[in-house]
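Novice: Letter by letter, the chains look like this.
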Amino acid sequence: MAIGTVGVAAAADRTSLRAKAWGLLDREEWLGPIFVSPALILLLLLVAYPFCMALYFSVSNAFIGRPSHFVGLRNFIDLWGSDAFRQTFQNAFVFSGAAVGAKLFLGISLALLLNEQLWFKRLIRGAVLLPWVIPTALSTLGWSWMFNSLYSVVNWTGLALGLMNPPGPNWLGQQYYAMTAVVVVNIWRGLPFFAITILAGLVAIPRELYEAAEADGAGPVARFWHVTLPLLKPVLAIVVLFSTIFTFSDFNIVYVLTHGGPINSTHLFATLARQIGLETGRIGEGAAISLYLFPALMIVVWAQLRFVRKQAY
Amino acid sequence: MPRRKLRNRIAAHLALMPFLIFAVFPFYHMALTSLKQNRELYDRNAVPLLIRQGPTLEHYQKLLWDTGFLTWTKNSLLVTVCSTVVSLVIGTIAAYALARLKFFAVASLGTGIFVTYLVPTSLLFLPLAQVVNWLGLGDSKWALIVTYPTFLVPFCTWLLMGYFRTVPKEVEECAMVDGATRIQALLRIVLPIAVPGLVCAALFAFTLSWNEFIYALTFTSSSDQLTASVGVTSELIRGDIYYWGSLMAGAVLASVPIVILYVFFLDYYVSGLTAGAIK
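Quick mapping for you: the protein sequence lines, in order, are chains A and B. Every letter in the first sequence is one number past the one before it in our numbering, and letter 79, counting from 1, is 79. Every letter in the second sequence is one number past the one before it in our numbering, and letter 8, counting from 1, is 8.
One or more hints might be untrue.
List of simulated lysine-lysine pairs, DSSO-like, C-alpha gap at most 27 Å [stated by the list, open to error]:
| id | chain 1 | residue 1 | chain 2 | residue 2 |
| --- | --- | --- | --- | --- |
| 1 | A | Lys20 | B | Lys169 |
| 2 | B | Lys5 | A | Lys20 |
| 3 | A | Lys121 | B | Lys5 |
| 4 | A | Lys233 | A | Lys121 |
| 5 | B | Lys102 | B | Lys169 |
| 6 | B | Lys62 | B | Lys74 |
I should point out that these hints are in silico values taken from the structure, not numbers from a laboratory.
Isolated chain A (complex conformation):
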């Protein structure tokens, strides 16, 4: 008898405990933190913590497999004495400026064309978006074959069309051509993002505005400047901000196409950081190099939070 009662009481206790737990899950102030915590723990452990480590490495003389000491800002300053770093710094701005500028111009043009009445709309969109979905490292490998010094199909076409003098440029072996090649591949890979996002912005512009402008006698060019462009500005701002971060911190294209060469002329922060930090083992210096990405990142995050999200909500 007694045992039975205890058993029943314990069972009742357990069910009420379970009910209590379920009750807690029904309350927002409990369920919210519980639902967010896996993401939060993951990001603290594998993003915030490594980021702090990068900060620490950058002010130490860390070297793979050796205890490290605090050296202050010496890594950041010493880098300026290195030709490779000065070249990389310049490359990063040339590369990002040229690539983002070209992607913006071509992206607007392509989006305007895609917004026309087309016969094979889905097929065309699919083809346009393709470079963006295929693994970049692999498609870049395809490009490096297209730029091959002996069998370049680019040069073959250029010669066949009479645009180049034989034997044509050695794309990946000469400084300026190599930078051009890297920029072209970046444009190729990033253009779909610009075109498709800008297209979404174009579709959202009300037709009446164009009709009103047309009734007022505005030609196609005037309509573009006074209706399309101003209304597209928020979308353009977002696209440019996103693309700036990802172009500035690009790694795959340069690594596969040129490995930073010839003579560092195409190195970006990420590829140089890898070379210094992993291939030669000077982690402190490598971390300092990748942290030069940080000011650019800060500006973009700040702009995103201040302008873009404000408009969205």
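Fit chain B to the supplied structure of chain A, relying on the hints for placement.
Specialist: Quick look at chain B alone, frame taken from chain A:
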């Protein structure tokens, strides 16, 4: 159709041609190279745009039987499927909480996740390599399953927050008035409505992790742990010798899973691409 309209339409198609050639030609050339015989491939007088001396599958055979390509593809699949599933679950519940529930610091948590979404992987790979070693996952594909969610979760959360906001609150409240708990309402009401968003997030997570390169290159080095992208780009090149036929065959085959998804779900890709940037 009026004449002027027809003419405009044809002009638009003509103007699109250079863009389409630019976008698609590299894939055509890749596929072509992978099917060419070496004799023709390395003949400087041959026309590189066509196959004249007959196609061959020798590069594919070499790739499949003489290299670790099948192992790399298996690794890629394992890593991609695991990290996609994990990220989708974590991202879904986080997005639901951030979009729907009121609790301590909800707004700043949302901002925090958005900011991590912008942190590029190339800023973190050096210290993460150390963390991976401490976790005992150095030179293992499991390191990738652990680290890929760091960029997938912010993306999924961000994308899904937008979708959850479009589900009317009243629908959920109705279910709760009828006696459902909040979790039941989430599982039975909200998630089914948000299925397009979940599909979109899953597709993007799959694509992003299949295409990931810098972490895979940094955290793994033994041939049996590599993913397809890294295997093809690093193991098929011996010193300065490039086996272009097999390299292109590898690039084509390793893109196949993504292309299949892409053909079936093109519209999701389009909407996800714009939502990721705009929402």
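Novice: Each of the hints needs a verdict: does it hold here or not?
Specialist: Comparing the hints with the structure gives:
| no. | hint | in the structure |
| --- | --- | --- |
| 1 | A:Lys20 x B:Lys169 | holds, 25 Å |
| 2 | B:Lys5 x A:Lys20 | violated, 69 Å |
| 3 | A:Lys121 x B:Lys5 | holds, 17 Å |
| 4 | A:Lys233 x A:Lys121 | holds, 25 Å |
| 5 | B:Lys102 x B:Lys169 | holds, 13 Å |
| 6 | B:Lys62 x B:Lys74 | holds, 18 Å |
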